[in-house]
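*Asks:* Residue-level listing of the chains:
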Amino acid sequence: MYSLINQLQKKDEQALREVINKYGGYVKAIVVKVLQPNQTAIEECINDVFLTIWQKSIQFTGDEIDFNKWIGVIAKYKAIDTYRSLQNKPKTVELLSSISNSKDLPERIVEQKVQKEQLFISILNLSKNDQEIFLLKYYLGYSNGEIAEIFGLSKSAVENRLYRGKLKLTEELGGI
Amino acid sequence: MNEKDFIEIDIEEIEPIELSDWEKINIEKSVLRSSSTKKYVFKKWKWVSIVAMLTFIFTSSSIWLPVVANRVPIVQQLLNSNDNPQLQVFSDNASIINQIDESNGTSIELAEAFFDGTIVSVSYEMKHEQSIDEPPLFWKGDLEVNGNKLDVLSHQIVKKNEATWIGMFTARISDKVIDEKVNVQWRPQDFIGMENTTLVEGAWDFQLELTPTRAYSRKVNIPFGNDQYQLFYNQITEGKYITTFYFEGNLDWETEFLMVDIKDNLGNVYENVGTTTIKSGSGRVNGYVEVFIPDSTIRTLIITPTIRIVDEKTLERKELVPLPSINISLK
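Chains A and B are the protein sequences, given in the same order.
Just so we're aligned, residue 1 is where the first sequence starts under the working numbering, counting upward by one.
Just so we're aligned, residue 177 is where the second sequence starts under the working numbering, counting upward by one.
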């Protein structure tokens, strides 16, 4: 498995084929749960998920189990993002404007243009608990109160996690 | 379900859904095409052809018909790899042909053929002397009906063993219903693969006569779209094999594609319905949507169009524009 990820990170097309073979059904199941019965959107989204995996695998760190979860989270949130776009809901909230307001973050990060895709992948490097909170906050634009309700946390707990996660994310994005 | 329900999906509890080989190939090609900075090597017609082919193959649901399959071997093998209910119609109505021609050490047996008044489908088996590792997706040469050359709409192929592939292709004969026998000539030459490499060399020749099953055609005027995209269906043809909705309207052929999701009054969902679009003028197109209706009691289709806007150079998707659904009554 490690070699499969390594080969994928080296842009080996055979590795891409194996990843599609191994995880295609898993990705499809997640995407279908969100987007059915819109077959056009399902097909587009599955392609988009594997494009992200192909382009961003270099940033993946972890073992086989982590890789499975990494792919699952990509599929789930890509599907939700597609669902939103079909519902004509607001697009992703820019992390850039959010970090601009933070005094704790270096200027060079503030000045950097954060691409949506890069942000998405960087968030996936956070711990599992923080990952979904960040995706809801910065990828889907949920308020702290809404996130607290979804995860059964207090609002201050969400704020704390976002604060801690931001520090880690800053390191991630600073290395771009 | 709403968005918050989706957020609560536990990805560790998800049971995979099986992907067909063709879906996997489609994903791989899509990824490599989107991530490549090289200019796409195929001409547009080939790209369209590939899309049509995949669309055909994905039009499926969970129906398995062992009795029918056992009666027609090629269909059985196709059903084994793709449980497509449209194959039942083919199997029930196809004429057994069993013509064999050999060229350059490769034999092709034209097994069965079917004509539904607008569409012709032919199944075949190709035996090569050596193994063919890559799917022989295209062929050079001609397909003619009553002397008119046709383009193949779809081509499904399955590897039987190292040196044998079985296939089935479909072509549109006419936008109008034909109610008399037609003469079909299929003269394939070299078979080529996805990367435009010649896989099998030779020249084969088949001729056959097919009698159509009954089909119906009617003119309609059913508008759909929005202020920006004003389209309408102008004709519906209903055959045993294919129901076709012809449309026209204002779309940029290069960058805007009509895609449709279809449900019916019985709750069936039609997957990956194929759309063919032809440029008819500046910013104008006409085309058709083909769908297989599996049950004669189905009375209404609910069609939800989406415009897929792509980058002109890379063909990468830029935006999906959902359009309002419309209901269409069937005969």
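Don't read these hints as lab results, they were simulated from the structure.
Keep in mind that the hints are not guaranteed to be accurate.
Claimed, not checked - These stretches of chain B come out as covered by chain A in the derived footprint (C-beta under 8 Å, 3 or more residues):
(1) 182-194
(2) 356-365
As the list claims (entries may be wrong) - Away from chain B, derived, C-beta distances all over 10 Å, residues of chain A:
(3) Ser3
(4) Leu4
(5) Gly24
(6) Lys28
(7) Pro37
(8) Gln39
(9) Thr40
(10) Glu43
(11) Thr61
(12) Asp63
(13) Asp66
(14) Ser85
(15) Ser154
(16) Lys155
(17) Ser156
(18) Arg164
C-beta: ideal position from N, C-alpha, C; glycine also.
*Asks:* What are the numbers of the hints the structure violates, in ascending order?
*Replies:* Hints 2, 5, 6, 7, 8, 9, 10, 14 not satisfied by this model.
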